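Peer 1: Sequence:
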Amino acid sequence: MHIFYTPLIIDGKCTLSEEESKHCVRVLRLANGDSVTLIDGSGGYYEAEIEDANPKRCTIAIKKKTENYGQRNYKIHIALAPTKNIDRTEWFVEKAVEMGIDTITPLICQRSERTSVNTDRLEKIILSAMKQSVKAYKPVLNPPTPFKKFVNEPRTGQKLIAHCIESDKVSLKSMVGNDSEYTVLIGPEGDFSPEEVELATQNGYQCVHLGPYRLRTETAGIAACHTINLIKQE
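Using the numbering used here, the first residue of the sequence shown is number 128, and each one after it goes up by one.
Calculated from the structure, these hints are not laboratory results.
Quick list of simulated restraints, FRET-style, between CB atoms: (1) 361 <-> 174: 25 to 33 Å; (2) 195 <-> 338: 30 to 38 Å; (3) 160 <-> 317: 55 to 63 Å; (4) 140 <-> 305: 36 to 44 Å; (5) 240 <-> 276: 18 to 26 Å.
In silico DSSO-like pairs for lysine-lysine, Cα to Cα no more than 30 Å straight-line: (6) 202 <-> 300; (7) 149 <-> 191; (8) 222 <-> 192.
In this text the structure is predicted, and so the values were computed from the model without any measurement.
Don't be surprised by glycine CBs; every beta carbon is placed ideally from N, CA and C.
Please model the entire structure based on the sequences and the hints provided.
Peer 2: The following block contains the structure:
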């Protein structure tokens with residue numbers, strides 16, 4: 128199955144971007160009449176056929192459309208502090224998209240060792256993971272956001288903060304119920320500061336743990352994403 132991403136489909140046809148066209152024609156060596164699959168990032172899944180195998184502007188004709196492909200009845204938002212080694216953050220983004228995530232926010236905290244990310248590169252990782260795992264919905268990647276600004280923003284559903292500070296915490300899995308939205312905060316390598324935890328709780332965030340072991344930032348993000356998906360899909 129050859130899958131391509133194209134957000135704009137009009138009157139049953141679309142033209143792939145130059146990058147996707149090159150991959151389709153030059154790399155995969157697909158030709159006129161070959162069958163392909165398209166996803167539009169908004170829930171559309173298309174069975175299609177190459178009409179003009181131009182390596183710069185490949186034209187595709189739609190044969191069948193499926194709407195709301197793979198739609199879930201809940202949403203997951205992980206706000207995660209970018210790791211000092213950016214490869215670990217990129218790994219988190221890739222795997223979270225494969226598992227199922229709706230929104231990712233790079234969270235800038237008091238103890239963050241990295242305060243910027245290459246959003247263009249992360250967007251490419253998101254698209255690649257979407258195609259690899261056959262996801263028709265494109266997760267939203269927010270710009271890096273300061274912790275205080277993030278927790279003060281209004282949100283619906285469950286609001287959770289996972290940290291390693293000794294305190295009364297409940298397991299994340301115990302907080303997964305009938306809610307349709309879940310926002311989970313994951314801190315940097317040095318964890319959230321006590322002041323950040325206090326600010327979060329003042330703004331309605333529940334303190335949770337992800338099990339008996341201390342996890343790396345990116346592992347904690349994946350554990351949270353997997354736990355919610357696993358329970359909600361039962």
